[in-house]
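**Q** Take a look at the letters that make up each chain.
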Amino acid sequence: MDAQLTVMHRHECELCDDMLADLERLRASVDLPPVEVVDVDSDSELHRKYGLSVPVLLLDGTVVCRHRLDAAELIRLLGQRSA
Amino acid sequence: MRRMPITRSSDRLTWLALLLAAAAVGTAAAAAEAVPANASPSGAMPAPHGAASGGTDSTKPDAPQKLLDRMNEALTSLNYDGVFSHAQNGEIETLRIIHRVAGGKVMERLVSLDGSGREFIRTGSELACYLPDERRVLVEQQPQKSLLLGNLPRFDANTRRFYEIQMGQRTRLIGRRAQLVLVTARDQYRYGYRLWIDAATGMPLKTQLCDGRGRVIEQVVFASLETPRAIPDSAFKPDISTAGFEWMRQVPMPGNARAPFAAWYALRLPPGFHMSVRTEQVIPGAGGPVEHIVYTDGIASVSVFVESHMHPDHALSGGTQLGSSSAYATIVDGHPVTAVGEVPPVTVRFIASSVKARPPAH
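These protein sequence lines are chains A and B, in that order. Following my numbering, the numbering of the first sequence begins with 1 at its first residue and continues without gaps. Following my numbering, the numbering of the second sequence begins with 1001 at its first residue and continues without gaps.
Read the hints as simulated data drawn from the structure, not as lab findings. Think of the CB as a built atom: it goes at the ideal place given N, C-alpha and C, for glycine as much as any other residue. Be careful, since some hints might not be right.
Stretches of chain B that chain A covers, calculated by requiring three or more beta carbons in the stretch to come under 8 Å of a beta carbon on chain A [claimed, not checked]:
| no. | region |
| --- | --- |
| 1 | 1074-1085 |
| 2 | 1117-1131 |
| 3 | 1336-1350 |
Here are the in silico distance ranges between beta carbons for each label pair [as the list claims (entries may be wrong)]:
| no. | chain 1 | residue 1 | chain 2 | residue 2 | range |
| --- | --- | --- | --- | --- | --- |
| 4 | A | ILE75 | B | GLN1188 | 56 to 62 Å |
| 5 | B | SER1116 | A | ASP17 | 22 to 28 Å |
| 6 | A | ASP17 | B | THR1184 | 25 to 31 Å |
| 7 | B | VAL1332 | A | HIS11 | 51 to 57 Å |
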């Protein structure tokens, strides 16, 4: 199954936009899965789960990091997945 | 916008960081003094939970001042729980702030989410600083008005002589309607602010401290913000275990203590500044009591510390920056004098260089 990255995002959220920009910068040097952007406020369950932690990066549904991109952790988890 | 220095300072600047923490106490008191007489008492809710903008008409000349009043009221009286980024000097830190007013008692918790694990928990006037990287907990007394999120500008007729206040654009931030308010300094002795204020709650969703050229010196931006009706007590417990930590309590000065050295004052001050607070403090690492004098223009504050003894570790001399704060140190009649504040370097240099000992009364 192909890997999937998801960013729990909020409209007009600078930290969220920073994480998306950091992911795109990382993509220049690392082969990253596609990124799906989900509006955390579009669903009450998502809001309850992630509303206070945005942005949240998930790899196949598992939290990689919150608030800011942890590139080292993402690369480690991608390596584990492909091993 | 000063808040407790939550990030770890370099050893060289540890003393200055301690002065900054002490300054936060004094400048909060100065901010409390600057509250307009007609402001609502703390504890009164500014607007019902989730209410609309409160009817502030942005075309009226006093509209930006009303918005600032509403913002300060929201900061002190609302329950809120949010995560924000704090950027200064090219460094970004993510923090969570929780603030609750219940039964007239204020509780606050500020947590670093970026690894240091440092937490600040305020219960009424007591502030506990949990420093897991130092395996220490510092407990000190703080004025009731002090906010862990930082104090933001309040305006009265006097401060308008030194700052211009204008409405900016309406915009949206984190899914909310926000109104920009621009606070511009009229001279080189103080910084300005840009404040994006939430139309629904009055909370500042984004704040910038700016120098005279409009460059951003410090920025706070919320990524999430909720204003719940109630916040449980469990939200004010530290995440870290304090087993084996050293607890250090601030030693209050005896009420009848007399200054063991001459009273100090600034012979000259930048326009608009006046003395608001004079106290004597015990600061860890100081060889004796430290005289603390706060000068304010009603918005910006400068703390002046005069030590009773020379101490080799405090041999700061000249100007330096710590985050958004400027500091200037000098020696006056054998006493180390340090002026520190969220103001341009020229202001702390002006004030520190003007400090003199008052001649003893005969």
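**Q** Could you run down the list of hints and mark each one as holding or not?
**A** Hint-by-hint comparison with the structure:
With 4 residues having a Cβ less than 8 Å from any Cβ of chain A, the region 1074-1085 of chain B passes the three-residue criterion, so the hint holds. Chain A is given as covering the region 1117-1131 of chain B, and this is violated because 0 residues of the stretch bring a CB closer than 8 Å to a CB of that chain, at least three being needed. Look at the region 1336-1350 of chain B against chain A: 0 of its residues bring a Cβ nearer than 8 Å to a Cβ of that chain, fewer than three, so the hint is violated. Evaluation of the 56 to 62 Å hint for A:ILE75 and B:GLN1188 yields a failure: the beta carbon distance comes to about 47 Å.
Evaluation of the 22 to 28 Å hint for B:SER1116 and A:ASP17 yields a pass: the beta carbon distance comes to about 25 Å. Range check, A:ASP17 to B:THR1184: about 27 Å between beta-carbon atoms, so the 25 to 31 Å window is met. Range check, B:VAL1332 to A:HIS11: about 54 Å between beta-carbon atoms, so the 51 to 57 Å window is met.
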